[in-house]
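*Asks:* Protein chains in written order, with our numbering: chain A, 1 to 287; chain B, 1001 to 1203.
You may find that some hints are simply not true.
Said to hold, decoys possible - Within a straight-line C-alpha distance of at most 25 Å, the following computed BS3-like cross-link-like pairs (lysine-lysine) qualify:
(1) B/K1140 x B/K1159
(2) B/K1177 x A/K32
(3) B/K1173 x A/K32
(4) B/K1177 x A/K64
Bear in mind the hints are in silico, worked out from the structure with no lab data behind them.
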Amino acid sequence: MDEKALEELRESIRKEVKEAMHEEHALATRQKEILIMAIYAAEIMVRNGSETYRVEDTIMRICKSEGLDYVEALVTPTGILVSIDQSHSSQHHMLTFNKRIQNRMINLEKVSEVNDFSRRFVVKEMSVEQGMQRLREIDDKAFPYPISTQALSAGVASGFFVLLVGANFLEFISALLSTIIMTFVLGVLIKREFSYFFAHLSGGMIAASLAIFASNLHPDIRMNLVIIGGIMVMVPGVAITNGLRDTIAGDLMSGIIRGVEAVIIAVSIAFGVGFVLNIWNVAQRFL
Amino acid sequence: MSIALKFVYAYIATIGFAVLFQVPKKTLLRSGFAGAFGWSVFNVINQEFDSVVVATFLAAMVLAMIGERFARTEKQPFTVFIIPGIVPLVPGVALYNTMIAILEENYSLAAEVGSEAILIALAISGGLTIVLSVNAYLRKKRMALAGKRAIKIQEKKNKLGKGKELDLEEQQKEIEKTKLEEYYKEQFYDDEAQDYSGNEEEI
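With the hints as extra help, turn the sequences into a complete structure.
*Replies:* The following block contains the structure:
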């Protein structure tokens, strides 16, 4: 073989290798884009109080619809871990992404919107870039109801709840008013990023103080019912129930995390209420 | 107090809790209905059989069924309907009584009321989980059927030459794609799924 033919052969091999590398690079970039989008969707869901299995399901669906056969997702309320690859058999392009989640709240509107988004994405209604943009829109959305509306509705909820457990009209009014004040303060404290313990402690103290105040205004007002109305709004019923449900479903880690969160919230409410009631009991002896 | 009046109170209370959890505006009324119905079931059974735990358990089951139904028709995650609905059932009163008992240093009473609170929480999550897992099983079955249908559709396409010249692997991928689409139609768009199976004959 002469020099020239050899050189041509080398050139063609180089070209092929270059093309293959280019292809591989493009593939890896695309994989990364999909993974980042899936993680972003999952993050929004976890931060706004979605259940664990729904988040894992969403990640799986988004990745599989883009032709990634190997998807493993581990979701807990404090962090997300996802690995993806092209196929089960050869895992040469494995990508793993880890996302820490700092604070959580309950905003079911966002959960519902991401859920809707994943449904649209899977049937190829949008590209990955468009999907990313849509997710950013969802993430930046303000609360559908401002703090004042929330406080008002919490007041209404607690008022009608105490009516359900047998309160009279005066107790209804005092539960309504005290819960409005309490929820407003609680909302502001959580917005200012005070810890959950402190916020719920303050909430419990306010609920108990206002209930004592109300029960001294009129003898018909039973203090217990007004306090119950107030703490119903804060009680971590959702966290307890979701924690137990996660545990029953086998997501033990999420279950334990949610359970601990619920216990901390319950203890802090009890602390706040108990503290004020105790002081009141002591003070009554001197009055 | 009559049951109807209590239903109205529970309705308003649940909508209040729903706003607190930022439920989308268009589903507020349905969330309220789920919660009110669940509470009414609780109320009636509690009066008949005088057992808070059993009443809560059955109410949670009914609530989960209503929530799943609404989730289908409204194309929303069922949490939107269930979370506000369970708040009136949550053992807030029992927790309060436990705390008071601890404050009074009456620890045997605290243990009694406290375990009632835990049992109520277990009843809620048990009731929800039973209904949800049965439904999940049924859905999985329907998904398998949708998968079979997807394979059939692909085969028909191949016969008519619409599927171009695909090798086996690509065919498999096409089937997977069709399967996903079928599955989504099956789960969320009930009526469309029926239309689709009608069209299948034409392909």
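*Asks:* All the hints need checking, so say for each whether the structure fits it.
*Replies:* Evaluated hints:
Annotation: proposed proximity of B/K1140 to B/K1159 is violated, straight-line Cα distance about 29 Å (limit 25 Å). Distance check on the hinted pair: B/K1177 and A/K32 sit about 21 Å apart at the alpha-carbon level, within 25 Å; holds. Between B/K1173 and A/K32 the CA atoms are separated by roughly 21 Å; this keeps the pair inside 25 Å, and the hint holds. A C-alpha spacing of about 9 Å is found between B/K1177 and A/K64, which places the hinted pair at or below 25 Å, so the restraint holds.
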